[in-house]
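The lines below spell out each chain.
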Amino acid sequence: GENVEQHPSTLSVQEGDSAVIKCTYSDSASNYFPWYKQELGKGPQLIIDIRSNVGEKKDQRIAVTLNKTAKHFSLHITETQPEDSAVYFCAAGVRPLYGNNRLAFGKGNQVVVIP
Amino acid sequence: EAQVTQNPRYLITVTGKKLTVTCSQNMNHEYMSWYRQDPGLGLRQIYYSMNVEVTDKGDVPEGYKVSRKEKRNFPLILESPSPNQTSLYFCASSLTGGGFDEKLFFGSGTQLSVL
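Residue numbers (this note's numbering), protein chains in the order written: chain C, 1 to 115; chain G, 1 to 115.
Think of the hints as simulated: they come from the structure by calculation, not from any bench. Since we're looking at a predicted model, the values are computed, not measured. Keep in mind that a hint or two might mislead.
Stated by the list, open to error - On the chain C side, residues computed to face chain G include the following (Cβ under 10 Å): (1) VAL4; (2) GLN6; (3) LYS22; (4) PRO34; (5) PRO44; (6) LEU46; (7) GLN60; (8) ARG61; (9) ASN100; (10) ALA104; (11) LYS107; (12) GLY108.
The beta-carbon is built from N, C-alpha and C at its ideal position, and this holds for glycine as well.
Just need the whole structure built from these sequences, with the hints factored in.
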């Protein structure tokens, strides 16, 4: 099955700097790569996702890049703010047209934005 | 407000005492799923349901049961809890489970401790 590795486990950045989290996956058939943000005491929330036919996607200060050849994808957060402090999970899987939304999740990154 | 509601938020129990964690969604979603989150392991799928009376095992189903008698509810049942089921549990739902434009909504989580 799919195996997702996520690095680094903890990332501290100064407010205003950029943060980058990288994930690698093992199954070349995976075609869907979402990123979730989990704030303390809350459930994961989808913040951005990318499909395998796209190399990059951006939404305001957040972007995701995908390198299918190397089997890795990265989350980029620019101009970090204190509210960006959270645990971030990457995931990968084959998104069927209909069926189990089966995703393999990474272990999570704790991002700390230092004011 | 669209949401996935889990109860209770915190639960402490003893080995062997049957318990149920409830999950309810108000978005008329067909697909619902249970995950457990353990430190250093990310999220792992326990069971999922494609619709009423349609359930199937995820990656770690041992020791759990589910039922889907109504579209909005998807309870997780631990018939005889053991300490290795101490974990943070999340319920999630989406419209149909598949398709690239679907978003997976998570509940706020249930922290279970089995003594």
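Here is what the structure says about each hint:
no. : hint   : result
1   : VAL4   : holds (8 Å)
2   : GLN6   : holds (8 Å)
3   : LYS22  : violated (15 Å)
4   : PRO34  : holds (8 Å)
5   : PRO44  : holds (5 Å)
6   : LEU46  : holds (5 Å)
7   : GLN60  : violated (17 Å)
8   : ARG61  : violated (20 Å)
9   : ASN100 : holds (5 Å)
10  : ALA104 : holds (8 Å)
11  : LYS107 : holds (5 Å)
12  : GLY108 : holds (6 Å)
This entry does not satisfy hints 3, 7 and 8, going by the numbered hints stated previously.
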